[in-house]
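A.B. asks: Single-letter residue listing:
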Amino acid sequence: MPEEILLMDKITKVYPNGFVANKDVTFSINKGEIHALMGENGAGKSTLMKILFGIEPFEEGRIVLKGKEVRFSGPLDAIANGVGMVHQHFMLVPSLTVAENVVLGMEPKKGGMFDFEEAVRITQEACDKYNLKVDPRAKVEDLPVGNKQKVEIIKALVRGAEILILDEPTAVLTPQETAELFVELKHLKEQGHTLVFISHKLNEIKELCDRITILRLGKSVGKANIADVTEQDISRMMVGRDVVLKVDKTPAKPEETVLKVRDLKIVADSGKPIVNDISFSVRKGEILGMAGVEGNGQSQISEAITGLLGYQHGTISVNGVDLKGKKIREIRELGVSHISEDRNTYGAALISSVKDNILSDRYYKKEYNKGLLMDDKKINEMTDELIKEFLIKCDDRDDQVKMLSGGNVQKVVVAREFSNNPTLVIANQPTRGIDVGATEFIRKRLVELRDQGVAVLLISADLNEVLELSDSIIVMNEGKIAAYLEDASQITDMILGEYMLGVQTQTPEEIARVAYD
Amino acid sequence: MELLSQIFDLLRTPAFAASVLRITTPILFAALGGIMARRCGILNLALEGSMLTAALFAVVASAFTKKAVLGGVSAAVADPALVTKATNAGMLAGFIVGTLAGVAMAMFLAYMAVGLKADAYLAGLAINTMATGGTVFILYLAAGEKGISSSLDSGSMPFIDIPVIKDIPVIGEIFSGQNMMTYFSWICVAVVYFILFKTATGLRIRAVGENPHAAESVGVNVKKVQYIALAFSGLFCGFAGISLSMSYVQFFSRGMSSGKGFIGMSAMNLGNASPVATAVAALLFGFFDAMANVMQTLSVPVQFVQAIPYAATLLGLVVFAIQSDNKVKKLKAKQDK
Amino acid sequence: MTSKQIERRFNVLKTAVAILLSLGFALLVITFVSNEPVKAITAFIVGPFQKASRMSNIVEVMTPLLFTGTAICIMYQANQFSMIGEGAFLIGANLCTWVSITLQSMAGLPLLLICFVVAIMAGVASAMVPAILKVKFRANEVVSSIMMNYVLLKLSDYFFYYHFRDVPSGQQASYPIPTQIKLPKLIPGLRLHAGVLIGLAVCVVAYLFIYKTKWGYQVRMTGANINFAKYSGISVLGVALSTQLIGGAIAGLGGAVEILGRYDRFIWFGTQPGFGFDGVLVGVLAKNNPLLVPVAALFLAYMRTGADVMNRVSDVPIEFVDVVQGLIILFVAAEMFMAKYKHKLIVNNAKKQLEAKEAAN
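Chains as they are written, first to last, in this note's numbering: chain A, 1 to 517; chain B, 518 to 854; chain C, 855 to 1215.
Next up, chain A with everything else stripped away, as it sits in the complex:
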């Protein structure tokens, strides 16, 4: 008989903006299992875990840990009770060392002073015990992503976590790093730890987990032994219908070259080269996918093209116009649209209205102004049309964007970026962290644009997305193009993974093929 270690019973949580994130959610896990928590974005997984970890208060329900009712006042309380969490976004202090990050909050002291050597010893001991290899004296800002995650896991274990919550741990990892992580997690399970594994990826859950709980729209809709359900079952429970994320598309008919990037080099403020002499082209009527683990220069490339970031060497041109020294507005006027990977920072002004967000690239144009004042009537018409066309769920155009769900915020961004007659669309992680419905909608739109003769550069860490949408693919590794795969339909995710990790690299000649004129 498995022993129930944790029960969250009928939890209800309402956010200050009125959003009901959890409604009567019941969640129970057994000692020594790996329990998957699944659901679309916005289904309430992260909120539920934040409640468990004491970060968010909740309105109704109870939490029973090892038979005792508890209510954690904060993370400290949760940690003291053996609950640890590895957050989706790393909770590390970049300028401190690994050891300092590990002991932060429980610093060893000698004579009233911080004892750094003891901190290193504690960290090393944990590394050895759990077979996680990191240098305790290294500065966290210098570590690769996979190692940062290890630091996070060590942090939790050193604090005596029996229950370890992992919030989408594989989102930022390569397939190979993911495999390594799974070995480590199974090792932890053997040592008696209980793991809660949050993920979107069905295959990973099938491989790793024992049981699964599924949330939909803030409610728990199912619980099962992994062995008893198929991937289709799970997906049906998640969205209440079969998800077909296959996008129907015909083969591309590429025409003349629109975007030309030649010998592009970008150096970070720290002096580290992030993008190192790369060249590629995107043609009218095709989607070029740019795959790669995040942080290999993709974001910098998209920001350099769209004028947000300066570059040291090389040229970027759109339809033959050199972009060097051009202002962002001038680049946009050439028909370059940009979906930023970070919609909350760049893509939208959260405290502004839907209308103001849609207006931001066209407010100055003659058609929306009448003399000195803006033409409110025309602007309202345009906004309402786009809200309808892009199925943006909101009360009206004056709603603050922060009141919308992630998927709808992204639809606002896309409505703006797709409705300005683009010739080139730079789509950086266009569907990250949004629900399946919105994802499907945006992907279809991208293909439609391609068919209308738009050149699309699709940057995505989601391999399925890259494989599904792209006509050709380039793979980024350490600021360089590691491969050019001309026909995306012939490629599997394992091949992509090997190029992403640098296990395989094409010859310069093969890569140079993507730089056609």
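Keep in mind that the hints are not guaranteed to be accurate.
[Claimed, not checked] In silico SDA-like cross-links for lysine to any residue, where the CA-CA straight-line distance does not exceed 25 angstroms:
| id | chain 1 | residue 1 | chain 2 | residue 2 |
| --- | --- | --- | --- | --- |
| 1 | B | 634 | C | 862 |
| 2 | C | 858 | A | 15 |
| 3 | C | 1211 | A | 217 |
| 4 | C | 1194 | A | 403 |
| 5 | A | 50 | B | 632 |
| 6 | C | 1008 | B | 821 |
[Unchecked claim] Covered by chain A, according to a simulated footprint, are these stretches of chain C (three or more residues, beta-carbon under 8 angstroms):
| id | stretch |
| --- | --- |
| 7 | 1066-1075 |
| 8 | 1079-1093 |
I should point out that these hints are in silico values taken from the structure, not numbers from a laboratory.
Idealized CB from N, CA, C, for every residue including glycine.
Put chains B and C on the given structure of chain A with help from the hints.
C.D. replies: Then chains B and C, alone, in the frame of chain A:
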């Protein structure tokens, strides 16, 4: 040309060098207060108001304690032993109350910015407004005046002659015989360094300032750390206030901080919140302030001279920006080769 | 009720509570320090309404706040926290006086216009320093503008002492301002002058600028999310620069209006008159909306007039108003102040809606 050589003559004297140290003191304390706040991630614009308030409370506490110990007897006719006792008691009370006032102001800011999540900019400005009017209000209640506390007989912190050094020509003149607060301010530079880089609390302060979510996720009480860091910030503001009204002058006058809190904050910016670099920057601003003081005797319109410290601070901000820009450029250029 | 409506109602309520609490604190302080608290409080609360001249005085006191408050609104809309209003107001008034005295032979409408233009230019020039430091060198505009205010104060003192102080008269004041260019009185027998109309016009124009023009849109987006604005192609540095300059211009004009409306001679020297700092309270109370500036300015003017009356008839010094002013800013700015109440409102509302939905199903 003649003017330049006149200025140069003034600046060459040991007395001038000594005055730089003297004038730097409140700026340096304020800058240290700025460091503690900035390191925990909160902008303390209330440095100015905090030191002004501390200066007033130090004077009031000192004067009232002195009066109480003397028991209504005029100092001129009282028993010398009693006068000494009263002076010492007044000094101690002024120091303690001034310090507490500084800490209280910082805690008020902390409560507003950390506890009630008010915008730190606005909270700082609001507290400065309150301090500007509030000090005059309290001064009026305590001394019946609105300009200067001349009716209050307050004391000063001791002046210290350093043995041996005081007998060395020039150096003795510069470094010996300063007020206790001046020496103390340089000790505090070391104290701030020690707190930030050698203690667990310092580690937490730096972590909270750089990534509060990370600190919170491992159970560091972010608010508590910020309260602690701001308490230190207030402590140094308290010292800054005392060094305004209880060292080289022994009175409070309205608005006597005259922007020194902001100058200290600029020194902190210039020093990038590192204790040693900040101290050097504070010394630089102290130099210009002292220069303005001695130049008042020259035939230059006094208003221009008085504007020097503020103009120098503006210039300092520019220099800082250019220098950090260059650093980045150099790093990038290096890579290009 | 939508969350939007709750938010709006809550904000009005919160501002009201903040004002009442701060005034309550004021009354408490008066009761403690005054020997005749009833007389003092009466003077404070009712005093401003007891004579027509005092009510006229409220409007007079309000007038400069219309300018500095609007200046703050425009700058804060773009997240530019420049405090230059203080110095720009002073130097605007100073140079306006100087020019009017120097050119008094041509006194008349042209001179009045020249005075205004000079004051505006002076404000712009003052604001230029912190603005350029911010845009070119990323220097914090709060600190640099406050430093600049000190420089401007000294500069104003210098102009005053060396160029237009009326030494023979024996007063610490400038030569008299030519009467022909003084702003006309609105009501015979009262000091109320036409400056208030200029101030109200500035508020309305600023409102239209911010909410109804493409330039205002740029300002609002830069303030809402500077990265988003940049990404959209808005020149955020241009916005930072221009809002600070506009703020300086409005404050400078305010200085001219104040000196030409209320004073016969320039008498500000040695200390900052403080209108710029008062502008912060006005801006915060008005939620950076210029259309609400008159209301906020009226309130502050009422409070100041009351304190002034009280100062004259009782023993409570006027400076306590600064404390009350600071408290109001703090309460309004404090996000968590009354947050529990707000949360309850929203939770109850959400529950109701959920139930209604479920009932409908």
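A.B. asks: Is the straight-line distance between the alpha-carbon of residue 858/C and that of residue 15/A 25 angstroms or less?
C.D. replies: holds (14 angstroms)
A.B. asks: If you draw a straight line from the CA of residue 1008/C to the CA of residue 821/B, is it 25 angstroms or shorter?
C.D. replies: Cα-Cα ~7 angstroms, so holds.
A.B. asks: Compare the distance between the alpha carbons of residue 1211/C and residue 217/A with 25 angstroms, and conclude whether the hinted pair is satisfied.
C.D. replies: Within the cut-off at roughly 14 angstroms; holds.
A.B. asks: With the threshold set at 25 angstroms, check whether the alpha-carbon distance from residue 50/A to residue 632/B stays at or below it.
C.D. replies: The given pair, whose Cα atoms are some 21 angstroms apart, holds under the 25 angstroms limit.
A.B. asks: Examine the stretch 1079-1093 of chain C for residues whose CB is less than 8 angstroms from any CB of chain A, and state whether their number is three or more.
C.D. replies: Answer holds; 10 residues pass the 8 angstroms Cβ test.
A.B. asks: Check the hint pairing residue 634/B with residue 862/C against an upper bound of 25 angstroms on the C-alpha distance.
C.D. replies: holds (19 angstroms)
A.B. asks: For the pair we were handed, residue 1194/C and residue 403/A, check the Cα-Cα distance against 25 angstroms.
C.D. replies: Satisfied, since the Cα-Cα distance of roughly 19 angstroms is no more than 25 angstroms.
A.B. asks: Taking 8 angstroms as the Cβ threshold, is the statement that the stretch 1066-1075 of chain C is covered by chain A upheld or broken by the three-residue rule?
C.D. replies: holds (count 7)
Every hint from the earlier list agrees with this structure, and none is contradicted.
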